[in-house]
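Assemble the complex: chain D is given as a structure, and chain G must be docked to it using the hints.
Here is what each chain is made of, one letter per residue.
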Amino acid sequence: MDAILEDRKSQVKRSGEGSGICCERESVSGAVSQRACVYCGARVVLNPITDACHIVHGPIGCASYTWDIRGSLSSGDETYRNSYSTDLREKDIVFGGAIKLEKAIDELMELKSPRLVFVYATCIVGVIGDDVEAVCRQAQRKWGVRVIPVKAPGFSGTKTQGYKLACDAIMDYITPFAGGKKEFGVNILGDYNLAGELWIMKEYLKEIGVPVMTGITGDSSSQSLELAPRAILNVVQCAGSAAYLAERMEQEMGIPYVKASFFGIADTTASLYRIADAVKSSQARAKAEVFCKAQKAKVLPLVEKRKPRFEGKRAAIFVGGGFKAISLIRQFDELGMKCVLVGTQTGKKDEYEIMSSLLDEDAVLLDDANPAELERFLVEKGADVLVGGVKERPLAYKLGVAFMDHNHERKHALAGFEGIRNFVEELNLSMNSPVWKHL
Amino acid sequence: MLDLTPKEVMARTALRINPCKTCQPVGALFCALGVRKCMPHSHGSQGCVSYHRTVLSRHFKEPAIAASSSFTEGASVFGGRSNLTTAVKNIFDMYNPDIIAVHTTCLSETIGDDLNSYIADLKIPEGKKVVHCNTPSYAGSHIMGFSNMMTGFMSYLTKKTGASNGKTAIFPGWANPGDIRQLKKICSLMNVPIIMFPDHTGVMDAPMTGKYEFYPEGGTTIPEIASLGDCKGVVALGEIASLAPAEMMKKKWEVPFVMLPQPIGVSFTDQFVMALRLVSKTEVPWELEEQRGQLVDLMIDAHQWVYGKKVAIFGDPDTVEGLTSLALEMGLVPKYVITGTPKEEFTKKINRLFSKYSVTDCKAKANSDLFELHQWIKNEPVDLLIGTTYGKQIAKAEDIPFVRAGFPVLDRYGGPLMPIFGYEGGIRMAEKIIGALMDREDRDCADEDLEIVM
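In order, the protein sequence lines correspond to chains D and G.
Per our numbering: the first sequence = residues -12 to 426.
Per our numbering: the second sequence = residues 39 to 492.
None of these hints come from the bench; they were simulated from the model.
Be aware that one or more of the hints could be misleading.
Capping the alpha-carbon separation at 27 angstroms, the derived lysine-lysine pairs in BS3-like fashion look like this [said to hold, decoys possible]:
(1) K90(D) <-> K416(G)
(2) K99(G) <-> K90(D)
(3) K300(D) <-> K249(G)
(4) K99(G) <-> K75(G)
Only chain D is shown next, with the shape it has when bound in the complex (with noise of 0.2 angstroms):
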């Protein structure tokens, strides 16, 4: 079997290939590739606003999908973890689903009064030509609340032109409320508040007295959102989702961004300083040092005291965006491991080049890998740890290979310097449990 398909070549590099890898294109036909849609995309991004109800307008299985399984967790409502959808049937199919919709929308509204309503139209529902603007504006206008459309038909484009979607969707939201008065305050773009990620960083940017306006979408409600066009700046954090967002913000709201990284603790503290130099406060840039320095003395021990588990292991990356994968080879660095094989679903190439520059020129890229090409390399390789999503993880199990989840269903933050403890446990766990010398 031959595992790089002809097509697929210009993706697959070694990392001293000067030629540049080729990448945001759609997947080959035919491919077991590991990507997601255009409507996953917009769902990930807009699912964490905890009080709003996303209902998905098409055949049952994108709901059923999507229903509560992205570990965004909610300091308040806890709306978002149901599952609403039109559950479209054959005889919407045929004389169209638009009343469909727009009853459930009025069952919704009579069940409970939400805020704010998402309504994502999926593949199919263009193709059956209902006008799903027209039914959200009409409903908008019947209940008084934002009822904001996300066209997101899977086939048309990957998922990063879902996430383009759902920061259309939320500037169509905050828009309105831009043109106030600006505060001292930050957004925090593209963090999902997975296992309370955004909670670590607000924490943070407290200590260093930068107060965050909102999380987007982070731990976010409708209200929260209404006060981001108020910020004085933009914090990214995954630009793979957000950085479309930040550019919209710059230019509409005014709003200038830094990129910022809270994975391991050369990124988390870089990223601190940014911060603080952004928002021009050399207060809050001194805060920063001292809190860093006090932080990194705290995790130090505890990675030193692991450390001779992992020094000359290597790790295998497969993750969604680029910006995390450079993070992920950073905090390997600094464990002491060597990264042999960094691939991820929608990296840019820009973040590839970063990539290039921090691997050894054996180590492997590849952009939308499938299994059989991740097994291939992960055997070459001799890779000891693999970090991925769900999809990934018995696969690496299967070759002996222990995993960590850095995706959507990781339990533990992994973001700061409480992720740095959490990381290095984790590593352990996975790589240092008895279990594997039973094969």
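Frame of chain D; chain G shown alone:
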């Protein structure tokens, strides 16, 4: 914390909340994984297959492979013919399966892709097969998709040579590998040579070998499917999933069938064993009688802890039917029994079970959802909840003991390896049910009432 469900029941006709079903394609994909060296293929957008593989991996804790036509904007306008042609070529080139099992999606169905003609025009390598079935996501549920993929395989592959293969075909319905192993064990004890179709043993419960097998050594083989037409008969288990495939064998090749419920609990397992006895014309071996006796013994030992306790059961129709039967046998009152699958036969069957055991004030409903079940429970509570992981929010909100069974169970390990079928499966379920109720007793009782001996 997750208690957002209002008590007052309001009629809904358009809004589905907290579904108790999913779409056809995942059923087709799952079915196809039960065929040896088969690559399931989803003819639609890329997201579908990603979701399906994810939910299967989360349930079985195993890799679940499948390819996708990866529809683009163009394909959705001009049809997916070229996507399928490219996909099939790529799959054979790269993954080298013996067979590709294509299923459609809401998208390819709605734009009217004609898979029959697309497949007829394909260049398929020597000795390889491509089969398909139609699985419009807007009809039925994942259970229909499973059923449709079975008939898809059979309409392409089965033959009748005229010479009987001396075997009995077993259609297990939607089941965990642990259940299929149980069926095989019973058939072997009953001395009935069988073809199991589909067969997820060795695939979705593959052992750890340190190697990743793209196609683990399990699954029904293509020659086995082909020879279904030469079988002596079919024992079809679970009407909603297995009746259509059984009827197809009868119609196409005049293979007779018996339609039985999935063998969960004493009487449904008895029916299965009796059907096998008619085939083999041998006595039921002591080993099976012993297991049956042990199950009954367990039920009697613990009956006072269980009798009259109210239970809500939800999940896939055939499995829920079996679980309801077991619950009734144990003396539980199945207060609410629902499935999301829109099949009225389900309601009739469950109502028949209610009358058979003379229980009153119990409700059965197909095409329901977990929001509705939760509302019912709020209005009249139950003592126990049995169903898939998606019940855990209700269990927590209402503080009800919860026994996991069915598909999907996403939050526990080891379930797919264990049976709920057969007398042994009955023992396992009974132990879980009794344990859940008695753990609750221990948790809730006053300190002075905490008993060492129960």
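Checked hints:
no.: 1; hint: K90(D) <-> K416(G); result: 25 angstroms, holds
no.: 2; hint: K99(G) <-> K90(D); result: 39 angstroms, violated
no.: 3; hint: K300(D) <-> K249(G); result: 20 angstroms, holds
no.: 4; hint: K99(G) <-> K75(G); result: 20 angstroms, holds
In summary, the one numbered hint that this structure violates is 2.
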